[in-house]
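Residues per chain are reported as follows:
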Amino acid sequence: MIRWILIGILTLGIAGTAFWGYQEHQEKNAILTQAENTYQRSFHELSYYMDLLHDEIGTALAMNSDQRLSPQMVEIWRLTSEASSNVGQLPLGLLPFNKTEEFLSNIGDFTYRTAVRNLDDEPLTEEETKTLQQYYKQSSEIEQELREVQHLALENNLRWMDVQLALVNNEEQLDNTIIDGLKTVEDKVGGYSEANIDSSVIGISNQQNEPYKSITGKKVSEQEALNIAKDLFEVKDSDKLTIAESGKGADIPIYSVSYNGDDKHAYTDISQQGGKPLSLLINRQINENKISLNEGLKKAEEYVNRLGFDDMIFFRSSEYGNTGAYSFLSSQDGVRIYPDAIEVKVALDNGDIMGITADNYYRNHKERDIPEPKVTKEEAKEMVNPNVDIQEEYLAVIDNDLGEEVLTYEFLGTYGDDTYRIFINALNGMEEKVEKLGGTEINYAIN
Amino acid sequence: MISKKRFFLCFILSFMIVGIYEVGPKQNAEAFSNQVIQHGAVGDDVIELQARLQYLGFYNGKIDGVFGWGTYWALRNFQYEFGQDIDGLAGQETKQKLVDASEYDEQFVKQQIARGNKFTHYGGVEREKQSTNRGGGGNEAATPAPETTNTAVNVPQGYSQNDIQLMANAVYGEARGEPYEGQVAVAAVILNRVESSTFPNTVAGVIFEPRAFTAVADGQIWLTPNDRAREAVLDAINGWDPTGNALYYFNPDTATSAWIWTRPQIKQIGKHIFCK
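Those protein sequences? They're chains A and B, same order as listed. The numbering of the first sequence is UniProt numbering, which starts it at 1 and goes up by one. The numbering of the second sequence is UniProt numbering, which starts it at 1 and goes up by one.
Since the hints were derived computationally from the structure, they do not count as laboratory data. There's no promise every hint is true.
Stated by the list, open to error - The list that follows gives simulated cross-link-like pairs (lysine-lysine, BS3-like), each with its CA atoms no further than 27 Å apart:
id, chain 1, residue 1, chain 2, residue 2
1, A, Lys248, B, Lys62
2, A, Lys240, B, Lys271
3, A, Lys290, B, Lys129
4, A, Lys230, B, Lys271
5, A, Lys290, B, Lys97
6, A, Lys130, B, Lys62
7, A, Lys213, B, Lys276
8, A, Lys219, B, Lys118
9, B, Lys129, A, Lys137
10, A, Lys130, A, Lys99
11, B, Lys271, A, Lys137
With the hints as extra help, turn the sequences into a complete structure.
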């Protein structure tokens, strides 16, 4: 009897310990994941800030020494401090990373000095421009090395906790990509003794004005919306369609229709008023490319016309794998209207339309009162940095940093190997925006 | 002993292949396919275009198979010098002019790309001087050329491949069981947060923000994403937003926070409700 009681107590004890142990283990894992996530965030942010830093220095080079340059220097200064705070959070206590930090603080000092002085009275000297050019080159190298490390880390699912452990244990034979990669970065730097995402000009929504002004017409019924969707999806069977109305958080009441067929899946948002398709997405297996990007453009143009958007002009195109992405801007009296943008996606195996998004267009489009320029084109050109070789010029309406629509001269120009898009206000000659154009990158996946 | 034999075999084989290269036609007769090549295109025609423009001294960038800005200006300058319509498009006439004016050593170019060498393709300069071998070693010709020839890719303005990859990881971890638009929607929410002033300003900052995404908290973000998730991310970056500017989403079956129900809801896609 006593034996059984003892066995019972012991079993309970063991079960209890096991349970407690399991809980501890879970907690430990949760904390490890959290620490890991903090490291990951710092690392990816560091790499992002280095990208941005490089672009911003490049943009500063293309700016005219004028009102724009001081804020730009402040921006670079801010980025260097963000980047070095990220470096500080990485578990690199045992790995010398001080040269990178030094590099960042050098740029920071330089930009701070130039930002606080009056650049109108004392513009950048030739020597300072050279220094800036040097920073531009160096930041490009660091950026590329970091991207390479980042690519390897993402591809191989590397963990910073492992790096830390490896550093602590000082294992000789370890083949640790992150450590090796970061050492390379550090060596590169040792050799020298926010264009952020939302600054893109295309399709920026102007929140102050009443959105979706251009959508008029009577309210369509669910059945009508379904018919519109069937046309868009190019399908006949209604039984595979589902429809839903938007909730009260939506900016504009819409019907969302989805189609779930055997070989393709499709989704569209249709405005309840007027029945306009705001966006369309089709997903299916896309085979090998049969048509060129240029033929795809023809299909996209046809489609945009068919949906009744007039006065659209082609803006840019890119080939991503088996699809082509095309952007269109609206144009009024020969002026490019950047806020009214439409994107179209074309499958390059047979030219099918894989999607369109006209949300920005409908949100911002209206008949605009475009004023006459008060600054001549020649005067505007003189506002551009004399080192920039202007190649193309347009009149354009963009949203400036304050979120107001302004009429500008748009210049596409080159400086060194880089291409810049520069907007000069056509009414007062201010440099509204300078954007360094990228769009291609080394293919890390094959190297 | 065996290794010696193998080495010898390799040696002979490489010699044979080098021999074939020497004898084989230096100039590929067929040039360009029929397509009109425009900004943003990728592929063999772009490689040929860049090589021919470089041969004539118009293009000084890397021959990487992606029609970027550098190629665009080079082509326009070529069209200007050769008295053609300056449109930055390589149509039939422009391509014919290029073929007449320049030579294209396809064999050399493709080989250099396959080996990952740094190289140029200027006219009137010896081939040996235009290439720096990366790997070194004599019998490199024996290695078969890999399929892919582009050494660069298109990325949306302002994003790197790594940004896209990180977002694809998050989308796959959060919404791999969702319909396609549900995946685009999750990517769009990440981007809406980056733009919003109440959230971090970087993709990584938004994704790794503590308590923001469950897939990050439980490690599911490190599953390998599929191509569909990557495509969804690209669509979102290119402007598709099925959520109608949502900043939050939640799964009504598993959501534990009462607060999330107070947000104005925009719509439901798959299992997720999206809200402001």
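Against the structure, the hints come out as follows:
{"no.": "1", "hint": "A:Lys248 - B:Lys62", "result": "52 Å, violated"}
{"no.": "2", "hint": "A:Lys240 - B:Lys271", "result": "18 Å, holds"}
{"no.": "3", "hint": "A:Lys290 - B:Lys129", "result": "37 Å, violated"}
{"no.": "4", "hint": "A:Lys230 - B:Lys271", "result": "24 Å, holds"}
{"no.": "5", "hint": "A:Lys290 - B:Lys97", "result": "25 Å, holds"}
{"no.": "6", "hint": "A:Lys130 - B:Lys62", "result": "24 Å, holds"}
{"no.": "7", "hint": "A:Lys213 - B:Lys276", "result": "21 Å, holds"}
{"no.": "8", "hint": "A:Lys219 - B:Lys118", "result": "61 Å, violated"}
{"no.": "9", "hint": "B:Lys129 - A:Lys137", "result": "25 Å, holds"}
{"no.": "10", "hint": "A:Lys130 - A:Lys99", "result": "21 Å, holds"}
{"no.": "11", "hint": "B:Lys271 - A:Lys137", "result": "48 Å, violated"}
In summary, the numbered hints that this structure violates are 1, 3, 8, 11.
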